[in-house]
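A.B. asks: Given next are the chains, with one letter for each unit.
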Amino acid sequence: DGGITQSPKYLFRKEGQNVTLSCEQNLNHDAMYWYRQDPGQGLRLIYYSQIVNDFQKGDIAEGYSVSREKKESFPLTVTSAQKNPTAFYLCASSQGYAGYTFGSGTRLTVV
Amino acid sequence: DAKTTQPNSMESNEEEPVHLPCNHSTISGTDYIHWYRQLPSQGPEYVIHGLTSNVNNRMASLAIAEDRKSSTLILHRATLRDAAVYYCILMYNNNDMRFGAGTRLTVKP
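Here the protein sequences line up with chains A and B, keeping their order.
Mapping of the first sequence onto this note's numbering: position 81 corresponds to residue 81, and the numbering continues sequentially without gaps.
Mapping of the second sequence onto this note's numbering: position 32 corresponds to residue 32, and the numbering continues sequentially without gaps.
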């Protein structure tokens with residue numbers, strides 16, 4: 001079955017450390033996205049990529065970085081510059097106007 | 001700026017129809033109207049989308065006003081599994097979707 005795989009499901013990070021969240025899709029979608037969700041809130045766009053080797057900042061890109069070296073993969077790095085990284089992170093992909101497919105998310109906690 | 005306006009919460013009884021409204025008065029001619037729903041601790045799930053005409057699929061129906069400034073997601077018979085946060089979203093370019101706070105639907109048995 002085609003879909004999006006996010007790993008790990010739960011992640012704990014010490015303050016001052018960088019951490020990378022994985023997102024892989026086998027849907028052959030061109031576009032991929034990263035969103036952040038805080039408790040009781042909607043999703044906020046961090047970064048998106050419409051094609052390989054190209055990506056754009058979303059509304060809350062500060063403290064995050066991404067790469068898009070392969071069509072299937074769009075990893076997100078949460079850097080030490082992100083002041084409040086504890087959140088639920090969602091990856092998605094899309095093709096045209098057909099709608100987005102989301103992964104099951106990674107819950108990041110800073111300890 | 002919020003592109004869509006939805007009520008914060010709604011309640012429904014099980015097996016009754018539910019009409020979830022969404023206002024999008026600043027919609028442009030090329031904006032598609034998308035609906036997603038999200039269960040707790042899960043990623044959002046695509047429900048339906050449309051441009052001008054009403055749309056039906058196995059999950060729901062989408063009724064779009066003639067002036068396209070509002071739309072309504074219709075669940076024909078609500079079940080307990082339909083309890084979720086429902087998001088109405090305008091896709092205003094090909095690949096760039098912003099989510100608002102959505103409507104939290106509670107379904108009572």
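I should point out that these hints are in silico values taken from the structure, not numbers from a laboratory.
Mixed in with the good hints there might be a few duds.
Said to hold, decoys possible - Cut-off 25 Å, straight-line C-alpha distance, at most; resulting in silico cross-link-like pairs (SDA-like, lysine to any residue): (1) K71(A) / M10(B); (2) K3(B) / H49(B); (3) K69(B) / R44(A); (4) K108(B) / Q41(A); (5) K9(A) / A101(B); (6) K57(A) / R81(B); (7) K57(A) / G42(A); (8) K83(A) / G99(A); (9) K9(A) / T5(B); (10) K3(B) / G42(A); (11) K69(B) / N84(A); (12) K3(B) / Q50(A); (13) K9(A) / K108(B); (14) K69(B) / T26(B); (15) K9(A) / R98(B); (16) K71(A) / P40(B); (17) K3(B) / V110(A); (18) K9(A) / D82(B); (19) K3(B) / K71(A); (20) K9(A) / G96(A); (21) K57(A) / S12(B); (22) K57(A) / D82(B); (23) K9(A) / H49(B); (24) K83(A) / H49(B); (25) K3(B) / F12(A); (26) K14(A) / I60(A); (27) K3(B) / A61(A); (28) K71(A) / R98(B); (29) K3(B) / R44(A); (30) K3(B) / F55(A); (31) K71(A) / Q41(A); (32) K108(B) / G42(A); (33) K9(A) / Y46(B).
Values in this document were obtained by computation on a predicted structure and should not be read as measured data.
A.B. asks: If a hint holds in the structure, say so; if it does not, say that too.
C.D. replies: Hints, verified against the model:
1. This hinted pair does not check out: K71(A) and M10(B) have alpha carbons roughly 40 Å apart, beyond 25 Å.
2. At most 25 Å may separate the alpha-carbon atoms for a hinted pair to count; K3(B) and H49(B) meet this at roughly 16 Å.
3. Distance restraint check for K69(B) and R44(A): the Cα-Cα separation of roughly 24 Å lies within the 25 Å cut-off, and the hinted pair is therefore satisfied.
4. In summary, the hint linking K108(B) to Q41(A) is supported, as the alpha carbons are separated by about 23 Å, within the 25 Å threshold.
5. Straight-line distance between C-alpha atoms of K9(A) and A101(B) comes to about 23 Å, which keeps the hinted pair within the 25 Å bound.
6. Distance restraint check for K57(A) and R81(B): the Cα-Cα separation of roughly 35 Å exceeds the 25 Å cut-off, and the hinted pair is therefore not satisfied.
7. Between K57(A) and G42(A), the direct Cα distance comes to roughly 18 Å. Compliance with the 25 Å bound is thereby established for this hinted pair.
8. For the suggested pair K83(A) and G99(A), the alpha carbons sit about 32 Å apart, so the restraint of at most 25 Å is broken.
9. Among the hinted pairs, K9(A) with T5(B) is inconsistent with the structure: their alpha-carbon atoms are about 32 Å apart, more than 25 Å.
10. With a CA separation close to 13 Å, the supplied pair K3(B) and G42(A) stays within the 25 Å bound.
11. Among the hinted pairs, K69(B) with N84(A) is inconsistent with the structure: their alpha-carbon atoms are about 37 Å apart, more than 25 Å.
12. With a C-alpha separation of about 22 Å, the suggested pairing of K3(B) with Q50(A) holds against the 25 Å cut-off.
13. Restraint check: the Cα-Cα separation between K9(A) and K108(B) comes to about 31 Å, which exceeds 25 Å; the hinted pair is violated.
14. In summary, the hint linking K69(B) to T26(B) is supported, as the alpha carbons are separated by about 7 Å, within the 25 Å threshold.
15. As the CA atoms of K9(A) and R98(B) are separated by approximately 24 Å, the hinted pair is consistent with the 25 Å bound.
16. Proximity of K71(A) to P40(B) is assessed by CA-CA distance (about 29 Å); at most 25 Å being required, the pair is judged violated.
17. Distance hint between K3(B) and V110(A) is unfulfilled; the C-alpha atoms sit about 32 Å from each other, more than 25 Å.
18. Under the criterion of a C-alpha separation no larger than 25 Å, the hint pairing K9(A) with D82(B) is consistent with the structure, at around 24 Å.
19. For the hint pairing K3(B) with K71(A), the CA-to-CA distance comes to about 30 Å; that exceeds 25 Å, so the pair is violated.
20. Only pairs whose Cα atoms come within 25 Å are accepted, and K9(A) paired with G96(A) is rejected, the gap being roughly 28 Å.
21. Proximity of K57(A) to S12(B) is assessed by CA-CA distance (about 39 Å); at most 25 Å being required, the pair is judged violated.
22. Between K57(A) and D82(B) the CA atoms are separated by roughly 33 Å; this puts the pair beyond 25 Å, and the hint is violated.
23. Distance hint between K9(A) and H49(B) is unfulfilled; the C-alpha atoms sit about 29 Å from each other, more than 25 Å.
24. A threshold of 25 Å between alpha carbons decides the hint, and for K83(A) with H49(B) the separation of about 36 Å lies outside it, so the pair is violated.
25. For the hint linking K3(B) to F12(A), the alpha-carbon distance of about 34 Å lies beyond 25 Å, and the restraint is violated.
26. Using a Cα cut-off of 25 Å, the hinted pair K14(A) and I60(A) holds, with the two alpha carbons roughly 21 Å apart.
27. A hinted pair counts as satisfied when its Cα atoms are at most 25 Å apart, and K3(B) with A61(A) qualifies at roughly 20 Å.
28. For the hint pairing K71(A) with R98(B), the CA-to-CA distance comes to about 22 Å; that is within 25 Å, so the pair holds.
29. Proposed proximity of K3(B) and R44(A) is supported: the alpha carbons are some 14 Å apart, at most 25 Å.
30. For a cut-off of 25 Å, the pair hint linking K3(B) to F55(A) stands: about 23 Å separates their Cα positions.
31. About 30 Å separates the Cα atoms of K71(A) and Q41(A), which puts this hinted pair outside 25 Å; it is violated.
32. Restraint check: the Cα-Cα separation between K108(B) and G42(A) comes to about 24 Å, which is no more than 25 Å; the hinted pair holds.
33. With a CA separation close to 21 Å, the supplied pair K9(A) and Y46(B) stays within the 25 Å bound.
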